[in-house]
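Participant: Protein sequences, first through last, are from chains A and B. The first sequence maps to residues 1 to 275 in our numbering. The second sequence maps to residues 1 to 377 in our numbering.
Hints were generated in silico from the structure; no laboratory data involved. Only true hints are included.
Where chain A lies over chain B, by a calculated footprint (3+ residues, C-beta under 8 Å):
no., stretch
1, 19 to 33
2, 61 to 67
3, 85 to 95
4, 332 to 342
Glycine included, every Cβ here is placed at the ideal spot set by N, Cα and C.
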Amino acid sequence: MSARALEREATAPAFAPEVVISVRDLVVGFGDKLIMQGLDLDVYRGEVLGFVGGSGTGKSVLTRTILGLVRKRRGQIALFGADLDRISPRERSQIERRLGVMFQHGALFSGLTVKQNVQMPMREHLHLSPRLADELAMLKIELVGLKPDAADKYPDELSGGMIKRAALARALALDPELVFLDEPTSGLDPIGAAEFDELIATLQKTLGLTVFMVTHDLDSLYSICDRIAALADGKVIAAGPIATMLASEHPWLRAYFHGKRARQFARSETMDGPG
Amino acid sequence: MPEDPSFSSEQAGDAVRLSLAGHWTLEASNAIETSAARLEAAAGPAQQAIFDLGGVERLDTAGAWLIDRTRQDFLTRGVKTEFAPMRPEYDILLREAHYREFATPKRRRHSSLFNLLADIGESVVGAGHDLYNNMCFLGEVVASIGRGLVQPRRFRGISLVFHIESIALRSVPIIALINFLVGAIVAQQGIYQLQRFGAVTFSVDLLGILILRELGVLLTSIMIAGRSGSAITAELGSMKMREEIDALQVMGLRPVEVLIVPRLIALIISLPLLAFIADMAAIFGGLLVGWGYGGISPPAFLDRLQEAVSLHTFLNGLIKAPFMALVIGLIASVEGLAVEGSAESLGRQVTQSVVKSIFTVIVVDGLFAMFFAGIRF
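For reference, chain A alone in the conformation it holds in the complex (with noise of 0.2 Å):
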């Protein structure tokens, strides 16, 4: 209830920006080794959130920690301003029926075709008209751009964009508030990875989706996202939009977005920036 208040209130303009996920001290561990050590972060509405760390710093732990599908030691995790463990399943569900995942992979289901693959949702969770669950799978694979062909295609008979868009459509069949975004444009050409980025911010626009984006790839960092949060040792070291992170003096950080491969978008956003 407290969550929906919440929301009437982000409608109307105000100067505080919703929260829709919140982490606060969060700590994630296999074993005895700790991957999130008191990580806390917030994620606002209508925002599109680039994550960023390096390889097997926990970016996917982090996100599959925020759905549940992985066990916190200790912290509290809310999603549009209701604390995960303190609400009851029934409630759960409904939060996440409210949230769209995009697998790294995909994770489509390989004995269905594109078209049943976006409707599995819907039919899970609404009791829809055939006629109408059709128009609205066929419309969700027309926003992510596949061709009407590819509805009745299986996953494997796709390429590795069409995959992605395909995941997309079904992360977003029942219209989320929150979509999460695993590397996205991992194994995509730079044309098809630089139309993607666009397929999301399109969509971010028309749809109002708040984006948590997991990502390697500096020119989405740089295209798409309105705020950039990076993981190391187990915390966010720092959260604010490029220019936070390009004045940051974090090894890490400064490694990132000043190594070889970013130093030609730093070069350019000092053009086109205001200054």
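Given chain A, put chain B in place with the hints provided.
Facilitator: Using the frame of chain A, we list chain B on its own:
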């Protein structure tokens, strides 16, 4: 609970103003569909419809789609439509999710008789292909084994030992248990039926011959087809799905040599050993039942057994074991390599592997029985 989608209509001359309110989102589930259907009825005979989304608190693609679908239905009926000014985000949504027909290619449908005949034809051709593929595969395997003999360094000893452990050693308990029970049951039935003729001791003949010639090896083969054949199919299948087999190929390694020959040889070595254990376990089961239920003392049982069975009887069973192993291994491998991309196909091929190898094992056993009868072995 979310506020259900609703609307009010206002007639003004031949125009109707439809003022929508509430949440026009998927959360309302089928309520948005029924509301959209009622919109159409509410318009009545009006010549012009104005959609006012001012009161809509939330809208998503599904709501926008349904509203636009209703609008287009009006248009086809010759009713003019327009949208009252609305929030810019609704405008974008309505533009993105405007109603359109999706051209879905229709599949051609045939009569059921046609389909039946086509299915029969397909399975006959499929069976032919299966046989052909298995033969090709056998050839490839034999060639690989041949290469291994010529160049022993290419032979994968560690892999072979590993598979012997997983196929033979780990299935000893279950094979011994099942055959012990079957031996006991056969002995019990034999004693029960034969005691009416006062020929209880002949139950030892029955047990010895039946177990050593047929049941020991047959039960072992069926168990191994289910236990190891399915495992081989699943392993090869998931390797195929994850392109591991392709990876071997491009490294210049032969998947048959690396993956299949060790498993097949392990099966061929393991199955006779397991069949021997099976024979012994079954006879032991029979001996215990004969002693407890039929009153045949163990020394008498063993004496009778020695008279009843010869070395031929014993070998007759064991000779079949390597052939059974070959059949199981070949079918399991061919089915494993036939797995395609989906999880469903993996499941289907594992089932096929088990069903086909059990069927073939029984057929091969029948052929052997005829063969041995023919040569009076």
